[in-house]
Each structure stands twice: as structure tokens, then as C-alpha cells.
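Colleague: Below are the chains, spelled out letter by letter.
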Amino acid sequence: MIARAATVAAFVLLAAAPLLLPPFWLTNIVDRALVYGTIVLSLTFLASAGGFVSLAQMMVAGVAGYAVAILAPVAAPLGFGWPYAAAIPAALVLATLAGLLVGAIAVRSQGIYLLMITLALAMGVTLFVQATTTLFNGYEGIRGVVGPALFGRPFRDPLVFHIAALAVAGGCYLLVLWLLETPFGLAVQGLRDSPRRLASLGYRNAWHRIAAFGVAGFIAGCGGVLATFYNIGISPGSIGIGATINVLIMAVIGGLGHPVGAFIGAALFVLLDTFAADLYDRDRFNTLVGLVFLGIVVVSPDGVLGLLARAGRLLRPPARHAATTP
Amino acid sequence: MTAQLAATVTLNGLTLAALYFLVASGFSLIFGLMRTVNMAHGTLFLVGAYGGYAVFGPLYDQDVAWAWYAGLFAGLVAAAIAGVALQVALLGWMQGQELRQALVTIGVSIVAADQLLAQFGGLAVQFFPPDALFGATALPLVGNYPTFRLLQIGFALAVGIGLWLLLQRTRIGLMIRAGVDDRGMLGGLGVNVPLVNLAVFALGAALAGLAGVIGGSAQPFGPGADVRFLLSSLVVVIVGGMGSIPGTALGALLVGMAEQWGQAVAPVYSIILTFAIMVAVLAVRPQGLLGRPA
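As given, the protein sequences belong to chains A and B, one line each in that order. Going by our numbering, the first residue of the first sequence is number -4, and it counts up by one from there. Going by our numbering, the first residue of the second sequence is number 96, and it counts up by one from there.
Among these hints, one or two may not hold up.
[Unchecked claim] The following residues of chain A were derived to be distant from chain B, with all beta-carbon distances above 10 angstroms:
id	residue
1	Phe123
2	Ala126
3	Gly197
4	Ile227
5	Ile236
6	Asp278
7	Val292
[Claimed, not checked] Sample of chain A residues with no beta-carbon within 10 angstroms of chain B, all distances over it, derived:
id	residue
8	Phe75
9	Ile100
10	Gly106
11	Ile107
12	Ala115
13	Gly185
14	Gly209
15	Ile240
16	Phe288
17	Pro296
18	Val299
[What the hints assert, rightly or not] Partner residues aside, some chain B positions facing chain A, computed with beta carbon under 8 angstroms:
id	residue
19	Leu194
20	Val206
21	Gln210
22	Gly257
23	Gly283
24	Val286
25	Phe370
Calculated directly from the structure, the hints in this document are not laboratory data. Glycine included, every Cβ here is placed at the ideal spot set by N, Cα and C.
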């Protein structure tokens, strides 16, 4: 009940953000957190529901980003010139397929093995994209992907972008919350808690796993398309090792226990990224973010969410009838 | 493709495989005993390379004959100390929490890479081995080939045989093998397991440092080498089998050959070939070619 009220309040606040916040905060903090939060959400969904910590989510988002950049009407070397109404769904389908493929490749791997295999896959795709100049324009990437015009205004208009980002991020968030309640979502949580019992109940574990990666691929694809419009393009650098690790950092800082952790982590990371130069040596940003990440993992492996939950338990008044128990 | 080119490419593959084996053997050794996935292994490689260079550089400028050997030793020690510090300060007390250890080592590698960049700058540097090792050797079929590359194969063979002797023929090797099978029982028999862990971590890290100096002598290194060699270690041990030294050798051979032959035949798709091997192995044997089922 409280959680639902908080969700509604957060949505209302975010919808009113253009009225409350100066343009810099709206575009560079709130919208950036929403865009990357959506990509992080795909990882948080996999980790919280199924216990799968995948490092391939930024790469899957990149599949959607590259697809929309190549298909859409931009000055790409091999631009297809499709309208955005066709290019965006195609990009989402490709990202879903990429997610399914990652799930299928890693279907027999757990825990740290999964972490290593997905990292290797992500780096393989990045290196391939970087080496391919004909389709992906190599190291330079594809620039000038501005996005469709909405309500007669360009996508780059801060208000239009904010509405689109909030709609996509909110939609994906509600999709995850809804999925977790469905029989499919419960089966995925069963995969996390006791795969053997689930299998003996007659579930096909492998198919559920692959499907969960497919859903995560779709969500990452939504974030990837948004991120490509946000950055007005995409390059190997925006899906490479740095970006991949950043997604993991955001997810872990926020907390892998609940989907909302994705957006909390993304918001904290973006704040850190934006204001680190004022706090600490501008050139040593990575040291700062690495130390924050390290601190979170050492002190509270379940992220800020876990920290808040523990603080909440400590501050609760003691149970009144505790003394009556023998 | 001429026979000479084919022989050269094969020899290149062998030398690359030797370097990959040097890096990945430490990674595999640590994983085998402690189930710790050390995502900072590439960082230890870089710590060894830069640590060695910090000693080598000034000596080389003064034309000291043994500068390279001093650098090699310094790199080994620097990486071993960094590894021991990592195990004592962070990894030791979260033993058994595998995912948390992997995340912690990722955090360490981010901070360390940034600090190394601040300390040593972003330009690539290189070791210059003594003249006796640096020239070219005439080989049948291949023609002149860099002597140091051949030496790389020698180093890999020495490390491989040394590890085998250590694990199979010594008391500490017996303890390590027993620990791989059943850590609890080993502790119950009165062995100081944390100390064995520390020794293995130091050894694995020293191997990464050794690879750092060797790799940094074969070609220039700089920021980014940590990620490159972490990634190659991951692929090598995934293919060969986590925790198995013969598996690591086989994996290194496959990946090194695939990279060099791929680059010779189809440069753009050579990366795909490496990962296609990994995917194929995972589909058939998730534990790797010579790995034991988890």
C-alpha cells in the first residue's frame, strides 16, 4: 500500500519535473537517469527475479541503438532510410532477439560463470562493431540520430524528450512489476530459489530462463533507443567496457533486490558523474566512482535500498509483545 | 598462402598462446583453489608491468646491463604484493561469497586503473630486453624470427612444468590439491587454509606480474592492457576449463591460434572466431574442455 502510494507520488513528481526544475537539471540529471535507469532496469530485473547478474545488457541496448541508427533516416554510411515508426519497432525486436541469444548461450551458466560469459560476449560484440567499418562505421560510430518529431516538435525538445523518457521508463518499470506477479514471473523467481524443485514440478527451466533474458533484452532495447537519441548517435565507446561496468555500478549502488533500485542507482550515478568535478579532482572521476562502488559492495551488498531497509528496521519501535515470548 | 606465411602465422599463434597461458594460469590457479573470480587479474598484469617498468626505466637510462632482469623481478614482486594486499584487505573475509568477490575486484580494478593512469600517464611504454634476447633467430621455413618471441614460449613451458611439479610433487602442492577437493576437510586436518590461500594468491598474482613484464617486452603496453588481458584470461579459462592448468594451456593454444589465423585469413571476423569457439564449447561442455563438472 505504502509502496504503491510512493510509486504514484514519484510518477507525479517526475511528470511535474519540467515545472519544478531548471532545464539543466531536467535534461542532464532527471532524463539521463531515466534513460540509463531503463537499461539498468533490465539488469535489475534479471538479478532480482532470477538471480542472473548479466553484463551483456549494455551490449543488448547497443544492438537496439545501432539498429535504429542504421535503419533510420540519418547520414549513416549504409543508411536504410526507414521511417522511425518502422525503425524503432525493428530495433526493439532485434534487441529482444539479442537478449534471447545471450540467454541461450549462457543457459547452463550460473553466478560468476554467467558474469564472465556475458562480459566476454559484450566485449566480443563491441570489438566486432569497432572493427567493422562498412556497416557500423567502426570507431567513429554513427552520428546525427535525432529521433522522430513528436506533437509537431523535435525529439530534442527538452519537454518532448522528458515526456518520452518518462513514458518509456515508467512503462518498462510497470511492465517489470506486473511480470513479477504473473505465473511466468513466479516461475523465474523459482529459478532463483530452487531450480531443481521447479524442474520437478514440470517447468521447463531452460525456456523460462531464455524468455527472462528476452524480456530483459526488450527493456534494454527501449533504453538503448532512448540513449541513442539522447546522445544523438552511438559509437563503440558508448557500449564498451566502460559503459558496461557503469551499468553494473548503477545497478549495484541502487540495489539488486527490487526494480526501483535501477532508477535510484542511475540517479545517484548521474549526480556523482555531474558533480564529481566539484567534489574531487576532475581527472580522477573513476577513482571516486570506483571507491563509492567498492564501499557499497563492502558495506552493503544489497545497495542503497538494502541500507535504507536496514535503517528502517533499526528505527522501527520495538515490538510491544516481545517480552511475552518465552 | 605460402608455406612460409603459414609457418609464421602458426608461430605467432604459439607465441601469443604462450603469453595468454602466462596470464591465465594465475587466474585459473586462484579460481581452482578459492573459487574466487579475480576480475582484477588484468590489473595485476598492469601493476606488474608498470612496477617492473618503474625499476627498469631508470636503470636502462644508465645503461645497466641487468636492467631488464631487475625489472622482471620487480614486476613479479609488485604484482605479488598487490595480490596479497587484495586478498588480506578485501577478499579473505568474504570467502565463499563468489559474486561479491567478483564485484569487489571490479571496483578495485576501476580505482587501480585510474591511479596507474595518474601515476604513469596514458602513453604506451615498452621494456627493452638485453641484446642477447632481443635480436632475431634464423629458423628453418620461417626465416628470421624475433628471439624474444621464442623465449616467450620457453617462459610458458617453464611456468607450466614448474606449476605441474609444484602441484604434483611437493607438500604445498598436495595441500592445494586437497583444498580444491574439500576445503573444510583440509582445515580439519590441521592445515592453515587461509595461509595456503594467501600463498596461492601471491603465486597467481606473481604469474600475472611476470606476464606483464614479458608481454610488455614483446610489445608496448599502456592503459587498457588490463582489460585486454582480463578478457583474454576469461575466454581462455572458459574454453579450457576453470581451475585446470592443462585446460588453461589448451584454451590458450586454441584462442592464440584462432586469433592469429583469424587475423591472417579474415581480419574483420577474427574476433568473432574467438567468441564462436567460446560459445561452441559452452554449448557442449559448460565446464570447459578439461574442466570438472561444477
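Colleague: Looking at the structure, which of the earlier hints fail to hold?
Modeller: Violated hints: 1, 2, 5, 6, 7, 9, 10, 11, 12, 15, 16, 17, 22, 23 and 24; rest satisfied.
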